[in-house]
Structure formats: C-alpha cells, structure tokens
Amino acid sequence: MKSIEMQAVEARYNDVDAVYHETRDLRLLGFVFFLISDCILFSSFIFAYVYLRTSAPTWPPFVDGHQLPWFDTSYAALNSVVLFGSGVTMHYALENWKHLNRQAFYAWLVATIILGLAFLGGQAHEWTGVLQAGVTWPGSTMGASFFTLTGLHGFHVFIGVCYLTILGIQAHKGVYTGSKYFGLTAGTLYWHFVDVIWVALFFLFYLW
Amino acid sequence: MHAGTATHDTHDASSHIHPPPEGFIAKYVFSLDHKVIGFQYFFTGVFILMIAGSFAELIRIQLVDPNGAIMSHSVYNSMFTMHGTAMVWLVLIPLVTGAIGNFVMPLQIGARDVAFPWLNMISFWIFPVAAVILFSSLLFGSPHAGWTEYPPVSLQDGTAGALWCMAIFVIGISSTMTGLNFMVTIIKMRAPGMTWTRMPLFVWATFATALMNMIATVALSAAVGALFLEHVFNVPFFDPSRGGSAVLFQHMFWFYSHPAVYIFILPAFGIISEVLPTFARKPIFGYKMIAFSSMAIAILGFTVWMHHMFPSGVAPWLQIPFMILTLAIGIPTGIKIFSWIATLWGGRIHYTTSMLYALGFLIAFTFGGITGVILASVPVDLHMHGTYFVVGHFHYVVAGGAVMGFFAAIPYWYPKATGRLMSEKLAKLGFWLFFIGLNGTFLPMHWLGMEGMPRRYASYAYFAKAFPDAVFWNRFETVFSFFMVASVGVMVFNLVWSLKHGKPAGINPWGARTLEWTISSPPPYYNFKHIPEVYDRPYNFDKPLPYGNLDNVVDVYPKFGEIVMPSPVPEPVGAGH
Chain W
10 MKSIEMQAVE ARYNDVDAVY HETRDLRLLG FVFFLISDCI LFSSFIFAYV
60 YLRTSAPTWP PFVDGHQLPW FDTSYAALNS VVLFGSGVTM HYALENWKHL
110 NRQAFYAWLV ATIILGLAFL GGQAHEWTGV LQAGVTWPGS TMGASFFTLT
160 GLHGFHVFIG VCYLTILGIQ AHKGVYTGSK YFGLTAGTLY WHFVDVIWVA
210 LFFLFYLW
Chain G
8 MHAGTATHDT HDASSHIHPP PEGFIAKYVF SLDHKVIGFQ YFFTGVFILM
58 IAGSFAELIR IQLVDPNGAI MSHSVYNSMF TMHGTAMVWL VLIPLVTGAI
108 GNFVMPLQIG ARDVAFPWLN MISFWIFPVA AVILFSSLLF GSPHAGWTEY
158 PPVSLQDGTA GALWCMAIFV IGISSTMTGL NFMVTIIKMR APGMTWTRMP
208 LFVWATFATA LMNMIATVAL SAAVGALFLE HVFNVPFFDP SRGGSAVLFQ
258 HMFWFYSHPA VYIFILPAFG IISEVLPTFA RKPIFGYKMI AFSSMAIAIL
308 GFTVWMHHMF PSGVAPWLQI PFMILTLAIG IPTGIKIFSW IATLWGGRIH
358 YTTSMLYALG FLIAFTFGGI TGVILASVPV DLHMHGTYFV VGHFHYVVAG
408 GAVMGFFAAI PYWYPKATGR LMSEKLAKLG FWLFFIGLNG TFLPMHWLGM
458 EGMPRRYASY AYFAKAFPDA VFWNRFETVF SFFMVASVGV MVFNLVWSLK
508 HGKPAGINPW GARTLEWTIS SPPPYYNFKH IPEVYDRPYN FDKPLPYGNL
558 DNVVDVYPKF GEIVMPSPVP EPVGAGH
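Keeping their order, the protein sequence lines are chains W and G. Take any residue in the first sequence, count from 1 to its spot, add 9: that is its number in our numbering. Take any residue in the second sequence, count from 1 to its spot, add 7: that is its number in our numbering.
Everything labelled a hint here was simulated from the structure, so no lab data went into it. Wrong hints could be hidden among the right ones.
List of simulated lysine-lysine pairs, DSSO-like, C-alpha gap at most 30 Å [to be verified]:
#	chain 1	residue 1	chain 2	residue 2
1	G	K566	G	K507
2	W	K107	W	K182
3	G	K435	G	K507
4	G	K195	W	K107
5	G	K295	G	K566
6	G	K295	W	K189
Please model the entire structure based on the sequences and the hints provided.
Structure below.
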C-alpha cells in the first residue's frame, strides 16, 4: 500500500503529455549537441595553447629578458574546489526538484549561484595577481592562451550564473512542474559541462 | 490505409497543425517555415553568387594582359580574396545546406518542419548580416591575404582583416546552428517507419553534412576568433615575431576548411543520388554503400587537413600518414562514382536538364577528384602547391562538383517549390554554356600550372617569357569564363520567366518516388496533412510506392512526364479540427 505522498508524487510524474515528451526529446538532444559544439570551441583554443607551449623554446617564455612566473597552483586548487562544490550543489538542487522538495531546491540553487559567483571573484583576484606578475594578455603567448581560455571559461560561468538565476525565477513563477522541468535539466547539464571544462584547464595551466 | 487515419491522428502528437502565419512579415520576412527560409537562402545566395562571380571575371580580365590589364596589384589581391571568401562561405555553404537542405530535407523525411524553426530563422538572418560585414570590409581597404587569410600577411590588413574575421565568425555561428538543427531533425523527426536505411540518400548526405557543420565550424570560429583578437587587441597567437605560430593558424583553419569542402560537396552527392535513379528509372545501385560512404567521407574528412600544409614545413613523419589518409578518401568517393555509373547502366535515361547536370557532374567531379589524388602525393604537391594546377583542381571539384550539383537541384525541385516547370530549352542552353565554360576556363589551368604558372599573382610577365603560350591560354580561359556568366544569366532569367510562363507541374512531374512528390506543388505550409508511413526505401521503380497514410491519391507506379494534379486537399485548419 502506497502512502498518500507517494501517490501524489506519482501523479505529478505522470502529468506528461505526448507533445511535451516529443519537444523535450528534441530540446534535450539539441542542447547536448550545443554542448558538444561548445566543447569543440574550448578544444580548439586548448589545442592552440598546447601547440604554442610545445613549440616554444622555453616555457614560461621570456619577456624583455625576464622569464615569466608559473601560475599559483594552490590558489587555483582552492578556487577549483569552490567550482566543483557548486557542481555538487547543483546536482542536489535538481534531485530535490525531482523529489518535490521545493525549499531544499531553492536552497541548493542559491548555494550554487553563490559558489559560482565566489569562483568568479576568486578568478578575478587571481587575474590581478597574474597581471601584477607581468603576464599580460597582449604581452606573451602564455598570457594570450591563459587569459583567452580562462576568460572564455569565466564568461561561461558568468552566463551560467545568469542562467541559473533565471531558472530560479522561472521555477518560482511556476513554469516547471514535477515532471516538466526541461529547463532545470539543461541548466544542470550546462553547469556540469562548465565544471568538466575547468578540469581540463586546471590540469593544463596549473599541473602541467 | 486511410481508415486508420483517425485513430492515428489522435495519438500522433505531431499531428497538431498550427494556424497559418498571417501578415507579410510573419510569412515572408521572419518566417519560421523551412520552405520560405530555404527560398530566402536561395535568393541571398544567388545574389552573392553574382557579386562574387563578377569579382572572378575582374580577375580573368586582369589576366588577359601578362602585365595586368585593368587593376593595381593590391586591388587584384583584394579581388581574389573576396571572390574566394564570398564563394565559399556566403554562396556554396548557404546554397547547398541552407537553401536545398532546408527546402528538401524536411519534406523527404515526412516532417512538418525542422526541429527548431526559430533557430532556423536566426540562422538565416545572421547570414545577410555576415555578408554585409564582409563586403563592408571593401570600404576599409579590403583583406588581401587570400580566402585563407594566413597570418602574418593578413595581420597587415588592419580593420578590413578584423571585419573579415567578424564576418566569418558570424557565418560560422549560422552554419553551426543549421547543422545542429538538421542533426536533431533527422535523428528525431523522421516519419514512422523511416528507418535509417530507408532514408532518401539526400537525407543521408545532409546528415553527414550537418555533423561536419556542427563540429568543424566551431574550430573555424576559434581560429578566426583568435585572429580577430590578434587584430584588435594585439594578442600574440600567430605572430612569429612575438612567440606565436603562423602554422598554428593553418592547423586551426584547415581542421575546419578541409571538412568545409565536404560540407559543400556532400549535399551535391545527395542531389546526384536523387536525380540519377529518377531519370534512369532504375533503383540506385548500392544504396548502403552510398549512404555509408557519405559517413566515411565525413569522418575521414577530419583526418586529412594537413595535406593543405605540406609546403608549410610540417614534419615529414606527419606528412606520410596525411598523404595516405588523403588517398584513402578516394575510396569512398570512388565507391559513389561507380555506384552512380552502375545506376545508369541499363537504365532508361531521360535527358532532362537535371540529368544533364548530373552527368556533367560525374565527368567534372571525377576529373577533379583524380587531380586531387595526384596532389595528395607529397613530392608532387610540393611542386604544384603554389601553381594554377591547384586552382584548376579546386574549381573542377567546386564549380564542376558542388555548383553543378546545385544547378541539377534547381530544375529538379523548382516544380515542387513553385508548381511550375522550368523552361527545358533555356535550362539546357544554360547547361551547355556552363559545361563548356567550365572546361574551357579550368582545363588549361592544369597545364599552365604544370609549367609552373604561380597562382595569386597579379601579373605573369616573367612566366610568359619562359612559356609564351601562357598569354594565349589565359585569354582563352577569359573568353570561356564568360560562358559561365551567360549560363548564370540564362538560369536567373529562366527562374523568373518560368514563374509566370512555365507549364503547370502537378504533384510529380518526374515520376520520382521520394516523399516530397506525394504532396501538392507548392506544398502547403504544414507540408503533410497526415504524417505518412514508410514501408521501404524509395528507389525500387518496379514496386508500388512504399508509403501509407498519404494526403493525395498518387500513382503507385509513377511515370515520367505524367502530369498529376493534386486532389483538392480540404483545409485541415480551423474550428472543425
């Protein structure tokens, strides 16, 4: 015998109509394809970085007779933990939405947004340090690839923060239900995608 | 079959037909209808074809005189740069994927539209924006480094170079979105019963193209994006004097641009695979081989980009595998060519204009493919790379392949698009002008190139001293190039004239068997009142049509040249439904 709550949950799950199913399938596949093409964009710039680095006579390169410093790995590791943490909170946000725990969903979503903003703040702080150390965007190939790739990634995080905020507002307005929450799925996928890209960037800039 | 319609409709989610769009802007400007968007691509693409073609004619006129007849060397450089750029990105790719792909593909899979019509509309509207940005670079001195815009030479172009990057970036976004849209459409929206191996071959070709559009174009966006940053913010990616690498740009550029040549040749392959069985009245030979070789070309196409860079100082141990992979692409292409010839073998051939273009395609493309195999060999390429041999090879593949495929598609689907047949006399005149002009213009380039005539030079006085016949052959080419101009003129006149004076086409003037020939011409905005059912491949001419649940009563054994008028289709929109 199922509890009343479980019956309510199942009822919410089953309010699916065929049109929604069909459009959701289309949109999900389209969104995954978008992420694949975005991944190629990052891969191209990563290829450029690897190519420039492996074909340079010394790395870090020399500018005006001085060798540029390495990036601060421990600080970036700390910042990475913040971003990966936001991936975990986003996962719990979506799971709580699926299980109809609305309050917990909002809490996890707000935590994700705050962690995302914290990552961006940390990134900005790191950038000022790197700039002071003499690594500038137009100054060297190291600065060119570093600022372009982390900037592109930071831009994606910024877009993600805006996206999640809009999703939160939409959820509050009642756009999504227990079974129709494609926007939240897409937002979660996008956020995890941004995390995964950061794994690659972290290895390539701080550990290599 | 029709008995089951009622129950089918109530369960079929896609059977909801929305009311027709109203007002001029919703119907013709910001239209969501894939057919109208296809027309928009067509008009814009053909318009830019004429502009870019006139640049080519200026190049040809310049070469009448070995010292350069009409323009300064700098203007000449900007002319061949703009000709190549506009033809590749603003003419060929939008015409074969945007125009023909948009109009035909959803009809052939029995869908009412593409997966994301709004995205399709945006994809189209950023295309003219890219065109305006590209041509506005002429006001800022124009880019000069050729359609590839290799740095560090292109870094001297200043604002014009930055505008070039912007234009290519924008058109790249358009192609990526079209590719994504078509991928989802073909994967998810095929009519019930249309399995992967029952799809028409044009759909297969469009699928392979869409895959490449979606993946490769973003790499190009990254390349021109980085070049843009270098132009505007002085960021050292490619400038060797500041630690960058010019060869890096070539890698990033050709990783896209080699697949790009397959992006515009594969839809042409698809068109030929539709035209040949229809006018030979025979099932296509080797359906699966043609379909899978399209995919093989799409995948192999990503692994050969370095053959454009043999003279750039790529390591020899890398050149050999790229040479072998390039030669390997000849295998799926050869499979296609032989399958098409086997389709013709023993067929009852109707020499319509589409068929003439298809046969011309077979000749010209095979020739261009063979010179491509010659160029794939590293030692030969090192000598030929900077000569007119490459120009001749490329134009045989592109003008003889992609453009002739596109020209085969025009008379073939014109009756479906407008309800009237094109004038066959004018169209055949256009074909012969084009075919003679093509060979007259580009064939002599091969021996000029083998003698060592350098490409991209505004004057060839030194070469003409060593090889006096060069003057004659260049004048010969210039004369024949105007045959192609005349052909395009005849075609455009024919397009307009036939709109009023063409014979009524009926549903299926060619007796073709794919799904678009079972609905009225022009198709209603919803394409299919009932989503059709598919039982088999479309190409078996000795069997009844493999479709159920059709809107019209159509001949189950369609015959060539029989005019079948559409049965009056009751308007499915309105209160009653």
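Here's how the hints hold up against the structure:
Restraint check: the Cα-Cα separation between K566/G and K507/G comes to about 26 Å, which is no more than 30 Å; the hinted pair holds. Between K107/W and K182/W, the direct Cα distance comes to roughly 17 Å. Compliance with the 30 Å bound is thereby established for this hinted pair. Taking the CA atoms of K435/G and K507/G, the gap is about 19 Å. The hint holds against a cut of 30 Å. Distance restraint check for K195/G and K107/W: the Cα-Cα separation of roughly 26 Å lies within the 30 Å cut-off, and the hinted pair is therefore satisfied.
Taking the CA atoms of K295/G and K566/G, the gap is near 25 Å; set against the 30 Å cutoff, the hint holds. Using a Cα cut-off of 30 Å, the hinted pair K295/G and K189/W is violated, with the two alpha carbons roughly 40 Å apart.
Checked against the numbered hints above, the structure breaks only hint 6 and satisfies the rest.
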